[in-house]
Amino acid sequence: MFALLSDYESLRLIWWVLLGVLLIGFAVTDGFDLGVGALLPFVARTDVERRVAIHTVSATWEGNQVWLVLGGGAIFAAWPALYALSFSGFYLAMFFVLVALILRPVAFKYRSKDESPAWREGWDRALFVGGAVPALIFGVAVGNVLQGVPFHFTDDLRPIYSGTLVGLLNPLALFCGFISLAILVAHGAAWLAFKAEGPVAERARAIGAKAALATAALFALGGLLVWAGAFGGYQVVTPLPGDGPSNPLTKDVIADAGAWLANFRADPRLALVPLLGIVAPLLVAAGFRTRLTGATLLASSLGIACIVTTVGLSMFPVILPSSTHPGHALTVFDASSSRATLRNMLIATVLFLPIVLAYTAWVYRVLRGKVSERDITAPGSPAY
Amino acid sequence: MTNPLLVDLSRLQFALTAMYHFLFVPLTLGLSILVAMMETVYVMTRRKIWRDMTKFWGLLFGINFALGVATGLTMEFQFGMNWAYYSHYVGDVFGAPLAIEGLMAFFLEATFVGLFFFGWDKLSALAHCAVTWLMALGTNFSALWILIANGWMQNPVGAAFNPDTMRMEVTDFSAVILNPVAQAKFVHTVAAGYVCGAVFVLGVSAFYILRGRHLELAKRSFAIAAAFGFASALSVVVLGDESGYAVTDHQKMKLAALEAMWHTESPPAAFTAIGIPDLASRTTRYALHVPWAMGLIGTRSLTTEIPGITELVEHAKARIRNGLVAYAALERIKVDRKDERARAEFARTQADLGYAKLLTPLIRDPLKATEADIAQAAWSTVPHVPSLFLTFRAMVACGFLLIALFGAALWFTAREAPAPRWLFRVALLALPLPWIAIEFGWFVAEFGRQPWIIEGVLPTALATSELGIPSLLLTLAGFTLIYGVLAVIEMRLMLRAIAKGPETLVEDPAALFPGTSANEGGARLVAAQ
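From first to last, the protein sequence lines are chains F and V.
Going by the numbering used here, the first sequence opens with residue 1, and the numbers climb by one from there.
Going by the numbering used here, the second sequence opens with residue 1, and the numbers climb by one from there.
This is chain F alone, in the form it adopts within the complex (with noise of 0.2 Å):
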């Protein structure tokens, strides 16, 4: 442990596991609130059906957002450079998925204010876009870092990005971007499966089902098109020495277009991660047909972590490559925080993250139990 604290290889390697931690954690708890946005005009009808699925995650989602305040935090800290490029160049996109997300916590609160059905309808349209905006957004920042981003660094390492909004809506980011709607609308249909009573629970299953096995096929035909070459790849030429400074500009890469499968060809028991990145979806799908909704909610828990973690292995070093100048590209040896940050930051999460996760879960536990009709409508009930 104190051995890993000094050695400035293996602190980058840890952050770059604890970024996939931060992401697959944002993913999959405020991935269903997401998820419950996006699906709900489509699985509550009247408002009592939307108060209750709004009141599957009203008393926690707001903790479950901290996972994408802590990202952006965490990623600012150890990856420096990687905060600056990503949330400049993806600037109207980021903008974008801003709005989406300021309009959720108010649309939760304010929904209830009133009883006029034109205010409720229109706050559950802000609930639908801060679900499925940011949830499609997400996809799309993936499928445009796999093909290279248009960025390259001054000889003052000031970031410059020369790319447009259009440009990151191409075809293939989109593509990512359904994936990652797709998953996230199983996974909220999951937990309304598994929060939820009656009708709303029955047409998230329903839905959520169509949702998994779309999740399946265009995952699966994601990696035909990475491997046949459609989002290209690239390969780091040069040595990159592990404890090596962060300076992007000492290296050599190549556009190459079979590099996102060389990890997996280096060593191919990694495949079973993206195996499972189909498999779960599957198993979310025959799940919705059962009463184990439980173990369905795990599955699309397992199912994001996996995809996530496909994306993180097929560009291992690479972080975000550039398309204009492929050498600049951020890899994980080269653009980090000092070792004294990237250690203290991790003294730091050993710490808290556990305390975190422990009344996370006791809250879970406080408030177990399902969501019904009559948990709404009961008088002095303090759902929204």
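It is worth saying that the hints were derived from the structure and are not from the lab.
Heads up, none of these hints are tricks.
Calculated cross-link-like contacts (lysine to aspartate or glutamate; reagent style EDC-like; alpha-carbon spacing at most 16 Å):
#1 K334(V) to D156(F)
#2 K122(V) to D375(F)
#3 K500(V) to D114(F)
#4 K370(F) to E197(F)
#5 K251(F) to D164(V)
What follows is a list of derived Cβ distance ranges for each label pair:
#6 P199(F) to R47(V): 40 to 46 Å
#7 V166(F) to F400(V): 54 to 60 Å
#8 P239(F) to R348(V): 30 to 36 Å
#9 R348(V) to R269(F): 49 to 55 Å
#10 E121(F) to R211(V): 31 to 37 Å
#11 I49(V) to L165(F): 54 to 60 Å
Idealized CB from N, CA, C, for every residue including glycine.
Dock chain V against the given chain F, drawing on the hints supplied.
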């Protein structure tokens, strides 16, 4: 050289979104503590009125909290979106407190806020009270880490420039955490938040008392807000930000600017109570001086000198010249990474590297700067004196008015006799004061930090992302529109909730039938009717 319009628009957007965010944060800080205190009284006395108070103020807290959370997301993203070079340049230092804020504070706050609202009939009274305190604790921790990050922008301790990575890197993390400027800011800001929460409770309670509504709730709330507010308002002044103003060159400059002290005076310096600072002649017209006061406030001594603007500008010239040595050495290191002489020279002078960068808005190659360029760059370290002079005085005036209000409220609530109606009218009228003081306070702190984004390290003009002007105009318009609409909706909901007042009977059926859940209590209530 970045387009100056891009820099201005990026600054405008940051200022708008940050100041808007901070309309909601101080009320969250203050109300969370007040609500937790009320619930503690409930747990100790088990008197239902205190539970009603907790729920009612908690309801208003929730309306405010939603927008605080929503607009906080913008802050977390905006450094990367609009300030990419800044993010790369100082992310190694600045990012860590933001990440720890999420891990240690925001998770705590956001996880327990859900239980605060939805856990009433799922938890024992004691457990629910603990949840409320954890939420309040998370809110306060959150402020701590954000102000550690902000304090580092004002006083960048514990970090050095690394020529191999072309950015600032942390050298002493404990110095970053224990930064005296950050500590002073934390106490000052959190106490100001408590004042804000107290004025809110005081004003709304005064409204009910004037109308003769909900008197039981309003009188108790008024009393607790008066006591809490009085202690907090005194803390804001006594533990004011001023203690941080002696630490660095630019903090001294900020102090000189907000006092419009154009020249060093022999100690103890006089305090200019009012006056009109004139930029062209660098004098203050119609000045009314209070002898000795400035020296006493600023240095807590009769003999310590407070440097004036002109003298600080001379000092800045020296730092620019020294910084140019570092700048030249860094250029040589970029060409030959193994140039040990250049590295040694850089190590000796790097503390002033940022000062050489002040020349870049004026001249393409700072190494070709003339004496006139250096003088102009040195004068650019003076923030805009008249606006700082004015806003600082407005902030202080609001602070003293509030101390007087809380003092009077405390005096009258401590007596047996009923308080006069004018007191409640004043309390109602005072509602906007804490927000005015707080927004002006941030203006003094951050506008006063200019031209630096990180004092002495990086000028604001160099720190932005390389975005197109149309993109920025689009987001600026978008934020203005959304934030404007949300502000109107929030105000309407808040006013409506206040007008409606606490609904003790229907909202809280369980309390009528102790030992039952809310649902059973409600059923019995219906049956009883």
